[in-house]
Each structure stands twice: as structure tokens, then as C-alpha cells.
Amino acid sequence: MPEPSTRNKIMDAGEHLFALNGFHRASLREITAIAGANLAAVNYHFGSKEKLYEAILERRITPLNGIREERMGRVIETAEAENRQPSVEELLRAFVEPTLEFISNLPESLGFFMMVNRCIMDSSGVQRKYFMGLMQPTLMKFYHSLCGSLPHLSREVVYMRFMFTIGSMAHTIRMLKMMDHSGEKDLAIPDDIDFSAINEELIKFVTSGMEEV
Numbered sequence: 035m036p037e038p039s040t041r042n043k044i045m046d047a048g049e050h051l052f053a054l055n056g057f058h059r060a061s062l063r064e065i066t067a068i069a070g071a072n073l074a075a076v077n078y079h080f081g082s083k084e085k086l087y088e089a090i091l092e093r094r095i096t097p098l099n100g101i102r103e104e105r106m107g108r109v110i111e112t113a114e115a116e117n118r119q120p121s122v123e124e125l126l127r128a129f130v131e132p133t134l135e136f137i138s139n140l141p142e143s144l145g146f147f148m149m150v151n152r153c154i155m156d157s158s159g160v161q162r163k164y165f166m167g168l169m170q171p172t173l174m175k176f177y178h179s180l181c182g183s184l185p186h187l188s189r190e191v192v193y194m195r196f197m198f199t200i201g202s203m204a205h206t207i208r209m210l211k212m213m214d215h216s217g218e219k220d221l222a223i224p225d226d227i228d229f230s231a232i233n234e235e236l237i238k239f240v241t242s243g244m245e246e247v
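35 is the number of the first residue of the sequence shown in the numbering used here; add one for each residue after it.
Don't read these hints as lab results, they were simulated from the structure.
For every residue, glycine included, the Cβ atom is placed at its ideal position computed from N, Cα and C.
Among the clues, some could well be false.
[Claimed, not checked] Think about it this way: if two alpha-carbon atoms lie no more than 16 Å apart in a straight line, the pair counts; the simulated EDC-like pairs of lysine to aspartate or glutamate are:
| id | residue 1 | residue 2 |
| --- | --- | --- |
| 1 | Lys163 | Glu111 |
| 2 | Lys238 | Glu124 |
| 3 | Lys83 | Asp46 |
| 4 | Lys175 | Glu111 |
[What the hints assert, rightly or not] The following label-pair restraints were derived from C-beta to C-beta distances:
| id | residue 1 | residue 2 | range |
| --- | --- | --- | --- |
| 5 | Gly70 | Glu245 | 45 to 53 Å |
| 6 | Tyr193 | Leu140 | 26 to 34 Å |
| 7 | Gln119 | Glu84 | 40 to 48 Å |
| 8 | Glu111 | Gly81 | 24 to 32 Å |
Please build the complete structure, drawing on both the sequences and the hints.
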């Protein structure tokens, strides 16, 4: 396997420290020390700490949303061929499954999601604004499709329930991260954790909430 580039080493280190300490408390000096690079390398590859942060978000979110939208497209194509609306479960599965598959296939991605959680809670809103700019196009596509599959509900209710769905998924990820670092034997995640079981239970839970009359 080829050695990671300096750019990727900086992003890996930045992702770790941004998740651990937040954007404002993570310093470029700490990041470059972990990456084995110098401060000039950050300016060369990214231009600034803010641009490094944005590059880390985009590195993970853009391909993940691409998978979500590709699966949603297949769901819609199948439904159209069968002359029906996509089911709520099919749409939510296309949204939720790629996230848990991402974590299952890349365990260190749990740290990235903690970085996202800090980003959303950022009081200044700068990082949150960039994150939402990356997410909004995909979220809106799913939202409009869910509205079509839930004609008995107002668009406002569909929107709220979709936000609750996203919150449930985020909380599940956050709990996995907390358990993984709890130090408590009973709470530690086993190496052979069944992410498919978590995925199925989460989809059943959020589908039921979306469809409730």
C-alpha cells in the first residue's frame, strides 16, 4: 500500500484533533506535529486552517452523499417502473444505510462524525454553515421524495420528522463513539459488532415515526 501523501496525513491529523478538541481549540501546530509536516505544508495544500477544515468535511461528505443519492435514484427508478411511489422505508434505507456502512467499513470514521457533531454545535456558525452547504442539496432531494411518499402529511410535518430521523441517526453514531471510548467493559463495542442489526432497528424505528398518522 502506498504511503499516504502529506496532504492526506494533514487531513487525517486534522480530523482527529477537530473531533477531539473542536475547530477553535485544535491548533495547526498540533495538527502538523501529528502529521509529521510543517506549518508551511498547510498553507501550501490548503491555504488556511478554515480551508483545511472544509477539505476534511468535503472528503467524507461528498462521496457519502453520492452513494445516498445513487441509491435513492435506484429506489425511484424501481418505483416508477412498478407505477408506484417509493416507500418511506426504501427512501430512509437509501439515506441511513450508507452512513452505517461507512462506519462499519472505516471504523476511524466515527471520529469524523464527532467532528461533524461539534461542527453543528459551533456557536460561531461558520463551520456549520459550510457543512450545511454540503448537505443541503442531498437533504432536499430526500425531503421532496418523502413528501411524495407521504401525501397525507403536510410538508411541514414531513420536514420535522425527517429532521427527527437525522437526529436519531446522529445520536446512534454519537452513542457508538461514546461507548467505544467509555472504558467500561459492559459498554465497550465488541470487535464483531453487528452493524447490520443496528441498521435494521434504526430503519424500523425512523420509518415508523415518519409514517405515523
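Practice task
List, from low to high, the hint numbers that the structure doesn't satisfy.
Solution key: 1 and 8
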